[in-house]
Amino acid sequence: MKDCKVNKTYEEINARIKAGEAVVVSAEEMVEIVRKNGPVEAARRVDVVTTGTFSPMCSSGAFINFGHTTPTLKAASVWLNKVPAYAGLAAVDIFIGATEPAEDDPLNKVYPGEFRYGGGHVIEDLLAGKKILLEAKAYGTDCYPNRKVKMDVGLDDLPYALLVNPRNCYQNYNCAINLSDRTIYTYMGMLKPHGKNATYCSAGELSPLMNDPYYRTIGLGTRIFLGGGVGYVTWHGTQHNPAALRSPGGTPTRPAGTLMVQGDLKTMSARWLKGVSMQGYGTTMAVGVGIPIPILNEEMAAYTGVSDADIVTQVVDYGFDYANRVSRNYGEVNYAQLKSGQIEVNGQKVPVAPLSSVVKAREIAEILKKWILERNFFLTAPVVPLPSAPGKK
Amino acid sequence: MGLAFVPDQEMLRRIREVGAVYTRIYLLRFPKEITDQPIICQLAKQYDTEFNILKATILPQHQGVMVLELKGHKSNVNKGLKFLKGLGVKVESLATSISRDEEKCYQCGACTGICPTGALYIRRSDMAVLFVPEKCSGCGLCVTLCPVRAMEVSLDRNGTLPD
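So the protein lines, in turn, are chains A and B. For the first sequence, this note's numbering begins at 1 and goes up steadily by one. For the second sequence, this note's numbering begins at 394 and goes up steadily by one.
No lab work stands behind these hints, which were simulated from the structure alone. All C-beta atoms, glycine included, are put in the ideal place defined by N, C-alpha and C. Some clues are possibly wrong.
So these bits of chain B aren't anywhere near chain A, every CB distance computed over 12 Å [claimed, not checked]:
hint	residue
1	Arg-417
2	Ile-432
3	Asn-445
4	Lys-464
5	Lys-483
6	Thr-505
7	Gly-506
8	Ile-507
9	Glu-527
10	Leu-534
11	Thr-537
Think about it this way: if two alpha-carbon atoms lie no more than 30 Å apart in a straight line, the pair counts; the simulated DSSO-like pairs of lysine-lysine are [to be verified]:
hint	chain 1	residue 1	chain 2	residue 2
12	A	Lys-131	B	Lys-497
13	A	Lys-192	B	Lys-467
14	B	Lys-425	A	Lys-196
15	B	Lys-464	B	Lys-497
16	B	Lys-478	A	Lys-349
17	A	Lys-82	B	Lys-464
18	B	Lys-497	B	Lys-438
19	A	Lys-192	B	Lys-448
20	B	Lys-425	B	Lys-478
21	A	Lys-266	B	Lys-497
22	A	Lys-339	B	Lys-497
23	B	Lys-464	B	Lys-478
24	A	Lys-339	B	Lys-528
25	A	Lys-196	B	Lys-448
26	A	Lys-370	B	Lys-448
27	B	Lys-438	A	Lys-196
28	B	Lys-497	A	Lys-109
29	A	Lys-192	B	Lys-497
30	A	Lys-109	A	Lys-196
31	A	Lys-109	B	Lys-448
32	A	Lys-82	A	Lys-130
33	A	Lys-150	A	Lys-339
34	B	Lys-425	A	Lys-130
35	B	Lys-438	B	Lys-448
Not the full set, but computed from the structure, chain B residues with beta-carbon under 7 Å of chain A [claimed, not checked]:
hint	residue
36	Cys-434
37	Ala-437
38	Val-482
39	Gln-500
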């Protein structure tokens, strides 16, 4: 930005990190700093703001190469602890998706189903050092004659394991209620009839994309905290919608941007990738993501100064509207209200519960801060920016 | 911003409140020989305590299981419990049958939306999700709702109390 009073480059910030001089604060701490000092002074003082989020994130999974067997095998169908993995890639390359339930799971036959084990749990078990039963079937070829394999494998036995999540880090999400007359079980949790409770799923002011609403610094190649290890933003995520309605401060008031992220599974930890069972819905995985935001100028300081009270979302009915794609909401609420535990919908006071862990989001922001302060983590400038809102670069 | 469990003001207030009017939730196991006798009503009649049956499975000629909330002066509650024990009823505090796996729990807070007694609640100052076993009624709603199955309720030897 040419007309900014403060201008820093990635190189300058990284040099300060290297010299042990960088000022790094969490997105929560930045709220007060910007409020007290204004964005220009905040930009002069602060070099990096760390963000974090930890919640169930569907569209997650891992590419695994399980190594060649003797005799060789071209796997056609593969199961990990009875959870089907996609094998139509190559001889021994597979993709295990977080929402894939175990093949013998009763699903919703006894409603609401419990969905005790799925792809997310397989990934968590691998990280926890457990052995996984790998079963594969094949039709046999001249170069790959083996028809069947059954073996126990641990993460160390796998030549290659890459976490690849095509959609994480949703920039804002709906607050869910149920206006129908029966209890429903959704990916937003259990919702009582007649709007008697509500749920939401965002870390609010700590959430990565809330602190860089127009994706000025988060783009292709951004180095991040992913599942306890180091990962990268590798594309915009599926359903990325930068054109969503926004507040004057820039944060979207509807589900908007998303990120595709990936990283070496072997550097990650079961603490930050957890298999999740959503009653009546299915399995998925809770993913920990933290993104550092360089304070290049006062504009980035202002963005990262965003507080829960500034971030707004819509209340959506999951009893009828969501399933029937009715574009309608029952008002807007901000995250300060959501985090108070009670909101007002249609003039009624409704208790509201989170699905996203603020405690863990804060912990991630703190870990990332520590990594940077200990000079183990440097920032990367995006190779290509993500598609942004119309008129915003 | 420590993450260790430290009782805050809100929790201390709750604990004091519980102390003033003595309220406890108990898990009672009735031997099959006495399941046909009127017993619980004596707690009100003879021992001047208020009771609230939260859950019960009492069938003739079977061991009965009951989750009972008792309220009253501490001495009366204790006398009532002594009376039950004298009849062969096994009494334990429900709190000891309910636990949260702190390794699994990632403090999302989903459970706080359905917990009917406030045993699971959020400390708003830092959004920590806390569990006060003494307030738990053993309803078990949180067990299957918890995304990582961190809550465990074991009311009888076979697992949970039948619905």
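Evaluation of the provided hints:
| no. | hint | in the structure |
| --- | --- | --- |
| 1 | Arg-417 | 26 Å, holds |
| 2 | Ile-432 | 35 Å, holds |
| 3 | Asn-445 | 22 Å, holds |
| 4 | Lys-464 | 25 Å, holds |
| 5 | Lys-483 | 30 Å, holds |
| 6 | Thr-505 | 5 Å, violated |
| 7 | Gly-506 | 3 Å, violated |
| 8 | Ile-507 | 6 Å, violated |
| 9 | Glu-527 | 21 Å, holds |
| 10 | Leu-534 | 8 Å, violated |
| 11 | Thr-537 | 5 Å, violated |
| 12 | A:Lys-131 / B:Lys-497 | 19 Å, holds |
| 13 | A:Lys-192 / B:Lys-467 | 37 Å, violated |
| 14 | B:Lys-425 / A:Lys-196 | 41 Å, violated |
| 15 | B:Lys-464 / B:Lys-497 | 34 Å, violated |
| 16 | B:Lys-478 / A:Lys-349 | 45 Å, violated |
| 17 | A:Lys-82 / B:Lys-464 | 50 Å, violated |
| 18 | B:Lys-497 / B:Lys-438 | 45 Å, violated |
| 19 | A:Lys-192 / B:Lys-448 | 21 Å, holds |
| 20 | B:Lys-425 / B:Lys-478 | 14 Å, holds |
| 21 | A:Lys-266 / B:Lys-497 | 21 Å, holds |
| 22 | A:Lys-339 / B:Lys-497 | 23 Å, holds |
| 23 | B:Lys-464 / B:Lys-478 | 18 Å, holds |
| 24 | A:Lys-339 / B:Lys-528 | 23 Å, holds |
| 25 | A:Lys-196 / B:Lys-448 | 23 Å, holds |
| 26 | A:Lys-370 / B:Lys-448 | 49 Å, violated |
| 27 | B:Lys-438 / A:Lys-196 | 38 Å, violated |
| 28 | B:Lys-497 / A:Lys-109 | 27 Å, holds |
| 29 | A:Lys-192 / B:Lys-497 | 26 Å, holds |
| 30 | A:Lys-109 / A:Lys-196 | 26 Å, holds |
| 31 | A:Lys-109 / B:Lys-448 | 27 Å, holds |
| 32 | A:Lys-82 / A:Lys-130 | 15 Å, holds |
| 33 | A:Lys-150 / A:Lys-339 | 48 Å, violated |
| 34 | B:Lys-425 / A:Lys-130 | 44 Å, violated |
| 35 | B:Lys-438 / B:Lys-448 | 21 Å, holds |
| 36 | Cys-434 | 34 Å, violated |
| 37 | Ala-437 | 32 Å, violated |
| 38 | Val-482 | 33 Å, violated |
| 39 | Gln-500 | 4 Å, holds |
Violated hints for the displayed structure, listed by number in ascending order: 6, 7, 8, 10, 11, 13, 14, 15, 16, 17, 18, 26, 27, 33, 34, 36, 37 and 38.
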